[in-house]
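**Student:** Okay, here's what each chain looks like letter by letter:
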Amino acid sequence: MSVHAQPEQYGLADLLCCAASREVGNNEIVFAGTGLPMVAIMLAQNTHAPNLKLIFEAGTLDGRPPELPTSVGDARCEMGASRASGLYDAFSIAQRGYVDLGFLGGAEVDQYGNVNTTCIGDYLNPELRLTGSGGNPDINSFAKRTVFIMVHEKRRFVENVSYITSPGWRVKKWPGGQFVHRRELYGSAFRGGPSAVISTAGVFRFDEETGLMYLDTCHPGKTPTEIRDLCQFDLDISRVKGETVAPTLEELRIIHEVLDPDEIFIPKVKKG
Amino acid sequence: MSTSKRTTLQHAAEIITDGSRLTFSGFTIWRRPMAIVFELIRQHRKHLHLIEVQGGSHTEFLVGAGCVDIWESCWVGHELYGKYGANLSRKVADKQIIVEDYSHAEMMFRFAAAASGAPYAVTQTSLGTDIHNPEYDMLGRAGLRDGKRIAKHKYQFTEDPFFGAGSQVLIPAAKVDIAVMCVQQVGEEGTVRVNGQYYSDPEVARAADITIVMAEEIVPEEYLRRNADQNTIVSFEVDHILECPFGAHPTGMFGRYDVDGAFLKEFYGRTRTQEGFDDFANEWIHGQNHMSYLEKLGWPRMLNLKANSAMNYSPREKKGGK
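Sequence lines, in order, name chains A and B. Quick note on this note's numbering: the first sequence kicks off at 1 and runs consecutively. Quick note on this note's numbering: the second sequence kicks off at 1001 and runs consecutively.
If you're looking for bench data, these hints aren't it; they were derived computationally from the structure. Any given hint could turn out to be false.
[What the hints assert, rightly or not] 35 Å max Cα-Cα, derived DSBU-like pairs, lysine-lysine:
(1) B:Lys1148 x A:Lys172
(2) A:Lys270 x B:Lys1083
(3) B:Lys1306 x A:Lys268
(4) A:Lys53 x B:Lys1306
(5) B:Lys1265 x A:Lys53
(6) A:Lys154 x B:Lys1265
(7) A:Lys144 x B:Lys1175
(8) A:Lys53 x B:Lys1083
(9) A:Lys173 x B:Lys1175
(10) B:Lys1046 x B:Lys1005
(11) A:Lys172 x B:Lys1095
(12) B:Lys1265 x A:Lys270
(13) B:Lys1083 x A:Lys154
With these hints in hand, go ahead and build the complete structure from the sequences.
**Tutor:** Structure representation (structure tokens):
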């Protein structure tokens, strides 16, 4: 059966990629963003979820790229796809409710899973303007589950994000801006929300009623209190299940020999 | 056809006058009309209002060169080759540009509304986010919402009057003066055939009052009409056409050439400051024309990017990365 790698045999990017891959169920329709999520989904496609259907935001529907695309607009996306079309199709399909799972990233996240990719500091006088929303809020509004992959730093796991780019479990009701449960705002379009945050420290999930984040597993070598100290809010560590499962040797082989041999998104662990 | 739609790079850029509301073909770093963008910078175009489904490298060039007053969109960067739009960030911090943020789907649906002649689109995306924060209506804050060139409101909320599906957001049609497209093939009468993902090209071409198509090649119209089911944009939606091989460089084009990642990485690295941008523009844009630009790139570099005709991408191009 599957043999798990020893700590010296894999890197943090490998661990994140495999943890993300395990969020994918077989037969699910998955919305893929650029970067590590793309490798994670293709890993799932090559292991436990051969029937998953992959949508690239730029317009590739049910894609099976034989070679890793560098972005969702890449010519490499189309080969083997059911259909190559455009963004109107991709977003209509998402709004229609076809999408089970989306993988996303962010610069900041708060305890409700609200994510910021727009600016650091006051929006009207930003310290740093970032890329902007892209499809982050759209995928997060339309998919049944979303998984965020993030670098874990205390400045990124904050009480309140500078700008809510992408909606978590408790969001702002306009024009007043008071926090309400997402279910209240989305009405019959409510399908779910962020189901996991996979950071460089651990895996986090959400209590769907309170909307609050809790620690699910710690990455090998990290303790729950260490991880709580890496958050600006009071992280719930009472529900920790243990350690994040290490990559298997087979997963590592697929990542580095089949999917990303050129180390575009996932560096190889240097030996010796 | 009684009149020819053919134009030149210089004239195509002249059609885009100061203050135009402008949009583009492509997606982030793919099929952007770079040769026309460079010509606009050479001609010192000013006060442009970009309305884009999403930005990309072309946005960063125009913004860095000071051509843009308003950017209405959702994302800018160079994907793997530059993680955010350094020129836009700088101009936002210095308050030299107005940014109006929408979500990606909102921008797409806004163009779909404009393309079908509807005044607005309705959606349930991005509810509860700061995209709908009334304090962050930047065009409103600037007093620019005249209800003519720019919509009276950034968005409006309404309840579904038909099925009781709850809160809906109405977003104004993306009304633009000009769409500048970069595609693989255009016929002499304007029929466009896009190969690969067509992104938001059909909607932006239809939404714009004037559509300019720069193609890798102008082909006999009759050739495209032999397989009309494979065509992407109808002849009469296109006003001007021109042929410009490698016109999307440094962005990529399905079936023709890959993204020049090294070029974009260098641009991103060198243009964090205005001095850096000006220096880059002096090297690659000012005093050049498209042919001298290609000469400067050189055949070896271009051949390395050239797509394999069976695979539609270049198996030689090293994609960069970690």
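**Student:** For this structure, which hints from the list above don't hold up?
**Tutor:** Violated hints: none; all satisfied.
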